Structures are given as structure tokens and as C-alpha cells.
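K.L.:
Take a look at the letters that make up each chain.
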Amino acid sequence: MTELFQAIASGLMVGSLYSLIGLGIVVIYKSTRVFNFAQGGLLMVGAYLAWSFMEQAGMPIWAALICGLVSAIFIGFLVERFGMRRMIGQPILSLIIVTLALQALIDGVVTLFWGQNNYLVYPEFIPPNPVEFLNVILSLQHIIVFVVTMVVITVFILFFQYSRWGLDMRAVAEDHQAAMCMGVSIKVVFVMAWVISAVLAYIGGVLLGSINGVSTSLHHIASNCFPVVLLGGLESIPGVLIAGLIVGILEYLSGLYLDPIVGASTREIAPYCILVLVLMIKPYGLFGLPRIERI
Amino acid sequence: MLQLNNVEVMFNNVILVLRGVSLHVDPDCIVALLGANGAGKTTTLSSITGLIKTELGEVTEGTIEFEGKDLTKMSTEKIAQEGVVQVMEGRRLFAHLTVEENLRVGARAKKGRSTINEDLDIIYGYFRRLKDLRHATAGYCSGGEQQMVSIGRALMSRPKLILLDEPSMGLSPLMVTEIFRIIKMIHREKKTAILLVEQNAPQALDIANYGYVMENGRIVLDGTQKDLKENEDVREFYMGLSNVGKKKSYRDVKHYRRRKRWL
Numbered sequence: 001m002t003e004l005f006q007a008i009a010s011g012l013m014v015g016s017l018y019s020l021i022g023l024g025i026v027v028i029y030k031s032t033r034v035f036n037f038a039q040g041g042l043l044m045v046g047a048y049l050a051w052s053f054m055e056q057a058g059m060p061i062w063a064a065l066i067c068g069l070v071s072a073i074f075i076g077f078l079v080e081r082f083g084m085r086r087m088i089g090q091p092i093l094s095l096i097i098v099t100l101a102l103q104a105l106i107d108g109v110v111t112l113f114w115g116q117n118n119y120l121v122y123p124e125f126i127p128p129n130p131v132e133f134l135n136v137i138l139s140l141q142h143i144i145v146f147v148v149t150m151v152v153i154t155v156f157i158l159f160f161q162y163s164r165w166g167l168d169m170r171a172v173a174e175d176h177q178a179a180m181c182m183g184v185s186i187k188v189v190f191v192m193a194w195v196i197s198a199v200l201a202y203i204g205g206v207l208l209g210s211i212n213g214v215s216t217s218l219h220h221i222a223s224n225c226f227p228v229v230l231l232g233g234l235e236s237i238p239g240v241l242i243a244g245l246i247v248g249i250l251e252y253l254s255g256l257y258l259d260p261i262v263g264a265s266t267r268e269i270a271p272y273c274i275l276v277l278v279l280m281i282k283p284y285g286l287f288g289l290p291r292i293e294r295i
Numbered sequence: 001m002l003q004l005n006n007v008e009v010m011f012n013n014v015i016l017v018l019r020g021v022s023l024h025v026d027p028d029c030i031v032a033l034l035g036a037n038g039a040g041k042t043t044t045l046s047s048i049t050g051l052i053k054t055e056l057g058e059v060t061e062g063t064i065e066f067e068g069k070d071l072t073k074m075s076t077e078k079i080a081q082e083g084v085v086q087v088m089e090g091r092r093l094f095a096h097l098t099v100e101e102n103l104r105v106g107a108r109a110k111k112g113r114s115t116i117n118e119d120l121d122i123i124y125g126y127f128r129r130l131k132d133l134r135h136a137t138a139g140y141c142s143g144g145e146q147q148m149v150s151i152g153r154a155l156m157s158r159p160k161l162i163l164l165d166e167p168s169m170g171l172s173p174l175m176v177t178e179i180f181r182i183i184k185m186i187h188r189e190k191k192t193a194i195l196l197v198e199q200n201a202p203q204a205l206d207i208a209n210y211g212y213v214m215e216n217g218r219i220v221l222d223g224t225q226k227d228l229k230e231n232e233d234v235r236e237f238y239m240g241l242s243n244v245g246k247k248k249s250y251r252d253v254k255h256y257r258r259r260k261r262w263l
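So the sequence lines, in the order shown, correspond to chains A and B.
So in the numbering used here, spot 93 of the first sequence is number 93, and the numbers just go up one at a time.
So in the numbering used here, spot 1 of the second sequence is number 1, and the numbers just go up one at a time.
These are calculated hints, taken from the structure and not from any lab test.
Fair warning: this is a prediction, and the values are worked out from it, not measured in the lab.
Any given hint could turn out to be false.
Below, a list of computed lysine-lysine pairs in the PhoX-like style, where the Cα atoms sit at most 20 Å apart [claimed, not checked]:
hint, chain 1, residue 1, chain 2, residue 2
1, A, Lys187, B, Lys78
2, B, Lys160, B, Lys78
3, A, Lys187, B, Lys73
4, B, Lys53, B, Lys73
5, B, Lys226, B, Lys184
6, B, Lys191, B, Lys110
7, B, Lys110, B, Lys78
8, B, Lys53, B, Lys69
9, B, Lys110, A, Lys187
10, B, Lys229, B, Lys184
11, B, Lys160, B, Lys190
12, B, Lys53, A, Lys187
I would like the entire structure built from these sequences, with the hints used as guidance.
P.N.:
Right, here's the structure in full:
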């Protein structure tokens, strides 16, 4: 029984990290209708930059984290300015292809600057002490991840529902041209979406890096978030939260119960199996908006 | 107020869509722009608001001036803030937003936000039905209701000039009458200038003060409401009114074909 609780608790913690990373994809999709394949790349760059500021530049940890944040904002801005802005008004598919190119580019740049096969570790800034609660053992890192995710997601739900910027972003997602006609600046919305998303990727990257270490495999972990985002319904923030938690818990449960039966690791495929099942029943994901078509 | 001088619009650097369009809209005036499909009416509107730039089009010649400012160099959102708002063909609502959220987005073109609630009340005054639907998802409203939201959304920014692109599209005759009645009322009460693109020539000419007829990217005819309504060609080609009740022969049909194009 303790095993079960332990698996669920660990799953919740890891799942919340998926939600946080997935949120970056959702924010961009929600405001521009672009599925950002480069989210894993942005996350990886964020993690590497934070490491460089800490270890190579020798900054104190808080300064390194702030420098990393500023560079993440800058990267988001650059991507929008030179990758996305020229594509405004073009078919969405072309913009999605640009994000694929961006992912390849980031992979190359990271390899160029930080090398291929090294495994970097942050200096310890979150004490790894385990915390015991009702017989369940959790690391402090995971708990921090969980709390950060909850706070960030609550803020974004409120932002999109009640702020005028959030309204602009939702309007642009619906119809670029109509939004422009109403005086909404698409450029500002695109910049905001990409900067927010880059910052989320950076937060995710640092948290992930502090748990798993920094390496080029980080963006593979991030691509585990694609099923999370699809399961949640692409544009729903509560959706990405719940889907992330579901996927996290499923990974741990399948590791606990299915692995001994199958005799191999089922963690990797469990989310995709669930995704297929859910999409068969709910094609727009758990909380996705159905496409409105008038006949 | 709005002045187009010899405007040429080219798409993709090869397709010449407007071949020298000149027209002007006076303040406090409804101007109708008539013409068959593909004549370039919508392109004319899009070139005014700069939307053609997103479709790889550009104004290659001529000037577009609004209150003395050159619009060809401005971005669409800037033009909207100057007070020129286009109601796009096919309504183009933000389908997943509620009716009220749609209207609130419309207020973005206006500087300062203090009057949003006041403006909402004015819009709900014009379109009574929208008040009941304010929290409904816009995409599920009926065609007529969506057209109301679309026009209301444009009014939220208190524009000086509204470019209306086929407000009657896909609506029942009763709803068309209703929409035109409201357009006329808005014009009278708000003193907003309107440039109206329509296929429904009789309805458009009923409310317009002045009209232009387009064909093949050119203005082929213009005149006051009265002139156009009495013009034989307009009556024949756009209102289907000539020779009513008279006997028709093939010679007339040929004559019609020969005279179908002015240029």
C-alpha cells in the first residue's frame, strides 16, 4: 500500500513538471495557433545557460538564475522577431514548420557551444534532502516543482480569463486578420507569447536540470510533454495541468505494476497508449475546444 | 475624409487586381461600392486597412489618404486606431469567445478604456438580442446574430469610418432588412461615415448617398443614389429591373451580352 501511495505522490510531482513544460506549448498555441515543437530546445538552452552562468561565469546562484531569466526573455524575443514575425498572415502550417527548424537549430547551437556528450551538474542550490510525509518520501526538489507549477498555472488561468492582454491573445488565436482589424497588435501578442513561453521553458529547464542534470537528452524529456499537451486539449490551461498529473501518475503506476509482468520498461509508452484511448473518445482532448463549424 | 487616388494593387508581384481605383468618402455619408464577384470590392477595402499586406499584396501606385494621413504605410492596427475599422466579409467572429468578449476586443482600437461599459450599453441598445446572448459562445450564434456582433464589435472603438463588407451575406431577406435598418440608424445617430460593399444593390442604394460601380478592378460608374437608381445599366445588371413585363427576344439577350462590360 505504501508503494502505491509513493508511486502516486512521485507521479504527481513529476507530472506537475510535465504540466509546467507543457504550459509553454499551450500558451503559444492558445495565442497564435502554432504548435511549438521547439519547446524542448528552448528548455535545453535555458538549462545550459543557467549552468554556464553558475559554473563558467562563477556567479552566485541567485545572480546566475536572474541572468538566465533575462537571456531566456531575450531568446524568446529573438525567435519572435526573426522567426515568426515575417510569417504573420501565412498559413499556420508554415509557422509550425519554422518551429521544427528552430528545434534543429537549437540542437546544433547547443552542441556547438557545450559539446555533445557531456553531463553537467548544477551546484547544489536546492537541498536534496528527502521529506517524509505519511510514510511517503519525496525530495524537496520535487515539492518545489509542484508548488511552482501550481502557482504559475493559477496565474495563467486568471491572466487569460480576466486581463485585457489575455483577451487579445485569445482573439489573435481565433483569427489573425480580424484581430488586426480590431486594432489588436499581432506583433505585441506574438512577442508576449514567445517571451512567456521561453521563460516557462527556462523555469522548466532549471528545475529539470536540478533533478536530472543537464545534458542534450533534456529535450527528449521535454518531448514527453507532447502527449500531455494533446491529452489536455492543446489550448486549455487547466487541461494541461490535469493531463500532466495523469501522465505522471500513469508513468509511475505502470512502472510499478506493468513492468514486472511485461519484463521491460513500460513508462515511456504508457502516456501514448492513454493518449490514443482518450483521443478516440474525445478527439479534442480532455478540455479542448471543439471546432465550431456551421453547416 | 477618405480619398483613394488611382490606386493600383498587385498580389504576389504578378496579379494586378485594382487598376487605378479612385473614390472618396465624405464625412457623414454612406457610400455604396457595387460590382460583380471578383470586381475588386473587397480588395479595395483591404487595401484601405492594409490587410492586403498579410496576403502578399501591396499598393503599387496611387495614394490612400484618411484625414490627410497616408494609410499605405501604416499597419492595420494603427489604421484601426486612427478610426477606420473594417467589418470583414463572412463576419469572422472570434468563435470561442463569448459575445461580450468579442465586443470587448473591438474596444482595443480606442485609446483609453474608461468608456467600455458605456459603449457596451450603446451596442446592446442597437442590438437588443445581443444583451441576452452576452455570455453565449459567439460561434454558436445564428448568422444574423453573428453579423450583429461583427458590426457591434466594429462600433466599440467609436470609429470615424466603417468599411462594411457584405453585411447581407447568407442572411434571410427579413434579417437583411433588419441589419440595413440598424446600419442606417447607426449612421444617423453616430454620424459615422460608412463605405458599404454589397451584392444586394437595391438594398445598398436605398441607404447610400453616393455609389460607385466596379468592374475588373476599375470604377466604371459613379453617381448619387438617385442617378444610379435611374441609370439604365445599373437597373438592368444590378437590380434586374429593366423590361419588366415586356416581351423578350434573343436579340435583347445579345444586346445585353454586348453591353455587359463598360470597358
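K.L.:
Now tell me, hint by hint, if it's right for this structure.
P.N.:
Results of checking the hints against the structure:
no.	hint	result
1	Lys187(A) to Lys78(B)	holds (12 Å)
2	Lys160(B) to Lys78(B)	holds (14 Å)
3	Lys187(A) to Lys73(B)	holds (16 Å)
4	Lys53(B) to Lys73(B)	holds (10 Å)
5	Lys226(B) to Lys184(B)	holds (17 Å)
6	Lys191(B) to Lys110(B)	holds (17 Å)
7	Lys110(B) to Lys78(B)	holds (10 Å)
8	Lys53(B) to Lys69(B)	holds (18 Å)
9	Lys110(B) to Lys187(A)	holds (18 Å)
10	Lys229(B) to Lys184(B)	holds (18 Å)
11	Lys160(B) to Lys190(B)	holds (9 Å)
12	Lys53(B) to Lys187(A)	holds (14 Å)
In summary, the structure agrees with every hint in the numbered list given earlier.
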